[in-house]
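Visitor: The residues making up each chain are set out below.
Protein chains: 2
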Amino acid sequence: MTDSLYSTSLRTHMAGGLRTEHVGATVRLAGWVHRRRDLGGLVFIDLRDRQGVVQVSCDPETLSEEAMERARRLGAETVIAVEGVVAARPPDAVNPEMPTGEVEVKAAEVVALAPSETPPILVAYGADEELAAEELRLRYRYLDLRRQELQRNFQLRHRVFQTIRRTLDELEFVEVETPMLTRPTPEGARDYLVPSRVNPREFYALPQSPQLYKQILMVSGFDRYFQIARCFRDEDLRADRQPEFTQLDLEMSFVKEEDVWAVLETVMATVWQQVAGRPVETPFLRMTHREALESYGTDKPDLRIPWRVHDLSDDLGGSEFRIFRSAVEEGGRVRGICVPGGSELSRKALDELDGLARGVGAAGALWTRLAEGGAQGGFGPKISAEELTAVSERLGASDGDVLVVVAGPDRVTSPALDVVRRHLGRTLDAVEPGDRFLWVTEFPLFEPDPDTGEPVPSHHPFTGFDPGDLDLLENDPLAVRSRAYDLVYNGSELGSGSIRINDPELQRQVLEVLGIGAEEAQRRFGFLLEAFRYGAPPHGGFAVGLDRMVMHLAGGSSLREVIAFPKTTAARALMEGAPSPVDDDELEDLGIKLV
Amino acid sequence: MTDSLYSTSLRTHMAGGLRTEHVGATVRLAGWVHRRRDLGGLVFIDLRDRQGVVQVSCDPETLSEEAMERARRLGAETVIAVEGVVAARPPDAVNPEMPTGEVEVKAAEVVALAPSETPPILVAYGADEELAAEELRLRYRYLDLRRQELQRNFQLRHRVFQTIRRTLDELEFVEVETPMLTRPTPEGARDYLVPSRVNPREFYALPQSPQLYKQILMVSGFDRYFQIARCFRDEDLRADRQPEFTQLDLEMSFVKEEDVWAVLETVMATVWQQVAGRPVETPFLRMTHREALESYGTDKPDLRIPWRVHDLSDDLGGSEFRIFRSAVEEGGRVRGICVPGGSELSRKALDELDGLARGVGAAGALWTRLAEGGAQGGFGPKISAEELTAVSERLGASDGDVLVVVAGPDRVTSPALDVVRRHLGRTLDAVEPGDRFLWVTEFPLFEPDPDTGEPVPSHHPFTGFDPGDLDLLENDPLAVRSRAYDLVYNGSELGSGSIRINDPELQRQVLEVLGIGAEEAQRRFGFLLEAFRYGAPPHGGFAVGLDRMVMHLAGGSSLREVIAFPKTTAARALMEGAPSPVDDDELEDLGIKLV
Chain A
1 MTDSLYSTSL
11 RTHMAGGLRT
21 EHVGATVRLA
31 GWVHRRRDLG
41 GLVFIDLRDR
51 QGVVQVSCDP
61 ETLSEEAMER
71 ARRLGAETVI
81 AVEGVVAARP
91 PDAVNPEMPT
101 GEVEVKAAEV
111 VALAPSETPP
121 ILVAYGADEE
131 LAAEELRLRY
141 RYLDLRRQEL
151 QRNFQLRHRV
161 FQTIRRTLDE
171 LEFVEVETPM
181 LTRPTPEGAR
191 DYLVPSRVNP
201 REFYALPQSP
211 QLYKQILMVS
221 GFDRYFQIAR
231 CFRDEDLRAD
241 RQPEFTQLDL
251 EMSFVKEEDV
261 WAVLETVMAT
271 VWQQVAGRPV
281 ETPFLRMTHR
291 EALESYGTDK
301 PDLRIPWRVH
311 DLSDDLGGSE
321 FRIFRSAVEE
331 GGRVRGICVP
341 GGSELSRKAL
351 DELDGLARGV
361 GAAGALWTRL
371 AEGGAQGGFG
381 PKISAEELTA
391 VSERLGASDG
401 DVLVVVAGPD
411 RVTSPALDVV
421 RRHLGRTLDA
431 VEPGDRFLWV
441 TEFPLFEPDP
451 DTGEPVPSHH
461 PFTGFDPGDL
471 DLLENDPLAV
481 RSRAYDLVYN
491 GSELGSGSIR
501 INDPELQRQV
511 LEVLGIGAEE
521 AQRRFGFLLE
531 AFRYGAPPHG
541 GFAVGLDRMV
551 MHLAGGSSLR
561 EVIAFPKTTA
571 ARALMEGAPS
581 PVDDDELEDL
591 GIKLV
Chain B
1 MTDSLYSTSL
11 RTHMAGGLRT
21 EHVGATVRLA
31 GWVHRRRDLG
41 GLVFIDLRDR
51 QGVVQVSCDP
61 ETLSEEAMER
71 ARRLGAETVI
81 AVEGVVAARP
91 PDAVNPEMPT
101 GEVEVKAAEV
111 VALAPSETPP
121 ILVAYGADEE
131 LAAEELRLRY
141 RYLDLRRQEL
151 QRNFQLRHRV
161 FQTIRRTLDE
171 LEFVEVETPM
181 LTRPTPEGAR
191 DYLVPSRVNP
201 REFYALPQSP
211 QLYKQILMVS
221 GFDRYFQIAR
231 CFRDEDLRAD
241 RQPEFTQLDL
251 EMSFVKEEDV
261 WAVLETVMAT
271 VWQQVAGRPV
281 ETPFLRMTHR
291 EALESYGTDK
301 PDLRIPWRVH
311 DLSDDLGGSE
321 FRIFRSAVEE
331 GGRVRGICVP
341 GGSELSRKAL
351 DELDGLARGV
361 GAAGALWTRL
371 AEGGAQGGFG
381 PKISAEELTA
391 VSERLGASDG
401 DVLVVVAGPD
411 RVTSPALDVV
421 RRHLGRTLDA
431 VEPGDRFLWV
441 TEFPLFEPDP
451 DTGEPVPSHH
461 PFTGFDPGDL
471 DLLENDPLAV
481 RSRAYDLVYN
491 GSELGSGSIR
501 INDPELQRQV
511 LEVLGIGAEE
521 AQRRFGFLLE
531 AFRYGAPPHG
541 GFAVGLDRMV
551 MHLAGGSSLR
561 EVIAFPKTTA
571 ARALMEGAPS
581 PVDDDELEDL
591 GIKLV
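Order-wise, the sequence lines are chains A and B. Counting from 1, one number per residue, gives the positions in the first sequence under our numbering. Counting from 1, one number per residue, gives the positions in the second sequence under our numbering.
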């Protein structure tokens, strides 16, 4: 069946799709020379197309001398067409590593359709050959994309996209395309600006997200919207960021948190089941932001590592050991984790934890090994036997475990214990297999600006908040609990969303807390505020970073493995050479010039 | 079933989905006040949601005085929640014009969820009320989008998109996203440029189409690619253009024309059948570019009008009537159409044809009425009886018909007869109903630049051509027949495509004809030319303008009716106010300043 779908004027079958059921069939194939082996008389060509590779045997008995000669001269990556008959391989020639390994094609004709110079990077790597340098592979992306691993990633990405859209379509979501040429509304990251030729001295901005438009669509009565949207951020790039990225964007009217979560759970479970064949339990676990920080030290805990952070202040706050006592006296806490079986770690490995903790701002991390009913090494000998017993009981620790403790204010103990937990989880192979999804809820509405201490939005200024916290808005804004939520997968944030504000007066109050006056608000998102005056339904939504999600599903570690034509960390496209200088007269047409 | 899909924390059913089967059910609804009628005691509210409108009756017998009071004060477009019981309307109160017209909801509670000021434009137009001015409707797009007609257009658009993707997925096409931040390669229209902050003095361009990338994907072995892609053209806008538009983009490897056509025929027939419920016959009719111009005077003939253009030069080239004779003597032709039943047209209506013909560059259009075996009025009396007989026979004309004739070189007779044909087709109601798809093939590879006469690409410089015309490439390039094809629907171009060049040497020759030297070629699309050196398969593809396609399916006449947030013809977004000025320091960051 597949074959008839793929058949074209230039081929009858896919090379990679041939199996024993095709034996005896006359086929025309077209693809690339993956490898060629010349055995004197016989020539074997591994012919590659999108489906895979099949062996083509060229035998002087059945092939013209001319065609044999052509076959002998074929270089790697030449595009060829082959006509021949599918034959079963003799039992001793079967290759169990190839899906087509039970058959070969006995060529009756071999023609080169397009030549190839010697490729600057390999497509057919041997088992022990290393990939070429990434810069070179990005430069010749069209060759690197021929590799089986990347072909598989993009098939996966395709399948994820189709599954998401089909699922949301079945849930009565309507796909709407929002503009790419939008109003500059600087917030968070920087906009990419686009000068207008028709309206000189004016600029569009490429969207950082369709946030304002999707809220407008709810005001417009669309009820359920989604879009797989390209978004842009003109930021100094980190290794795992791209200037343009793809997000699943959705919004729903007349909903509360549970409604949005149920949709996302259906989408994720369907994708994981249908694309990866991995069933996922729903509903997902839920945890408030406060709980997550308390038990895991982070707002994106990797639940595959079972260890939890515990508060040991009651047990150690009165200790003779000064570090613990003074931390609590100064208003901080002593917190720790039990690392089961951690005693197998070398002293050197344990001492490295201190550096990890310092790296995120803590004074250090202390450890001790439990053995023979006591504590050996590290802080163990410095606390009393009663304190050790209390701590061990609280942590459920026993001989062979290691205790790791960090003291100080929460803002440093949390990240320190998070990094220690993740590090030791990997080191000790304590990361359980599986797909652990988690909703983290009730994020604070604001967080203090690291420089000024002034409240800035934790998510964005349109996030709704707990009506019970209305009083706090003026008096203690940093304590206001928002209605924002993140979806965390195996310790990585897949996306975030919230129930939005739909009351223009509440929106005004929030903007005031943010120091955004009426005039600035009008300039930046006046059209949304205005829309709210004409019947804005309660609404909320979500956005999923699809590049990252596909990367996780592909088991990869770089976004560049799942984006067809990625940019480097310097925001450059090495294959096509972008960005690039342009002629002055083109700029003149736009009413701008270089400084 | 639909109801459970739509139910959320704030509603159990959709207002527009209630039918007699729901009678007796207690429902919670949420939506907008479409209309309110206050009958003294009773208050009737038409409650609108995405599914439609249902009547809610508020009766002091069953509703608290407080709730009655609220109901009485509800203004249009207020967002409300209603709880109540679905009841059958008495027979004399059934409204057959409403899908929900057999039921109403007897309210037990009515609550306003969000207020609305008096809307500046209507949502619920009366049967005899005219739409507000388009500028005002674009300014308040969120209100205009609530109109049933627009809601229906975007449901249709959604359905078209899902159907296209599903069909191509079934045909083993892989969706790949190509970059939006690309290399500036000025050709045809102007690029929108995007200054890079990370790489000052350099610019990205927004893509006019994914053309280069999709060819690269074929070189990369993707075999079958598609994308619903946003494209950009910074052009002075005409009424039916938008600066950003959406196209279905696809490309296939190892194909000839027939393979691409078969895919598009499947896509179109599936969409027309499944979305519009209109079966379409495949394969579509095919016609060379030459035939189309000869028989219809245009490369996008509307086949719903059955009249064809005929060459009357043999019949009238020797006529005493100077206009005909001199046209032929000067190397032109006399061409005409028979308009069946055209005699009913007034003399004024017929004389207007002359202006239409002049408008497209012809010297004029001549007509005569056939009646009583002779010709009356217009050019009829000026030609001989034999000439009239010959012409009538060639055109298959008889009494009651009108003959319209244009003389001169083809470049003016073709557009003149095209415009006359379309005009009279509409005027005489001779446009047959139906969906007439047509492939127009073998476009010339080049056309003369209107100013310089030099060859410029009819499509784009990567279009393949008939190998039989290779000799002409140097000597008579304007005669080379390309492998480009258009898909025409009811006289409108839906899209175009071609089999591409995949041979770097042939590509070089074509670029040379276009006066594009090696250096310029390298600068503009060097990466594609380089890719061709490493095994480029034979490939071809197509692009469909989806905005226009959806407009046709919606039976609309403006792209702005099928684009959620369109720009005006001045490339302005009136709702959000884009483009707009930006602060100087933002420009400074980008290394540019205003001239």
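Hints in this document: simulated from the structure, not taken from any laboratory. Just so you know, not all the hints are guaranteed correct.
No distinction is drawn between identical chains; accordingly, a pair holds when it is met within one copy or between any pair of copies.
In silico lysine to aspartate or glutamate, DMTMM-like type, Cα no more than 25 Å apart, as pairs [unchecked claim]:
| no. | residue 1 | residue 2 |
| --- | --- | --- |
| 1 | 348 | 170 |
| 2 | 593 | 520 |
| 3 | 106 | 130 |
| 4 | 593 | 66 |
| 5 | 593 | 235 |
| 6 | 593 | 236 |
| 7 | 106 | 561 |
| 8 | 593 | 466 |
| 9 | 106 | 21 |
Visitor: Give a verdict on every hint.
Guide: How the hints compare with the structure:
1. Taking the shortest Cα distances, residue 348 and residue 170 never come within 25 Å of each other, neither inside one copy (55 Å) nor across copies (57 Å).
2. In the homo-oligomer, the alpha carbons of residue 593 and residue 520 lie at most 25 Å apart only across protomers (23 Å), although the nearest pairing inside one protomer, at 28 Å, exceeds that limit.
3. With identical chains, the CA atoms of residue 106 and residue 130 are never at most 25 Å apart, being 33 Å at best within one copy and 73 Å at best between copies.
4. Taking the shortest Cα distances, residue 593 and residue 66 never come within 25 Å of each other, neither inside one copy (61 Å) nor across copies (65 Å).
5. For the identical chains of this complex, residue 593 and residue 235 are neighbours both inside a copy (22 Å) and across copies (20 Å), given an alpha-carbon limit of 25 Å.
6. Taking the shortest alpha-carbon separations for residue 593 and residue 236, both the intra-copy value of 23 Å and the inter-copy value of 21 Å come in at or below 25 Å.
7. In this assembly of identical chains, the alpha carbons of residue 106 and residue 561 never lie at most 25 Å apart, being 36 Å within a copy and 58 Å across copies at closest.
8. Taking CA atoms no more than 25 Å apart as the test, residue 593 paired with residue 466 passes in neither setting, with 49 Å inside one copy and 45 Å between copies.
9. Taking the shortest alpha-carbon separations for residue 106 and residue 21, only the intra-copy value of 16 Å comes in at or below 25 Å, while the best inter-copy value is 66 Å.
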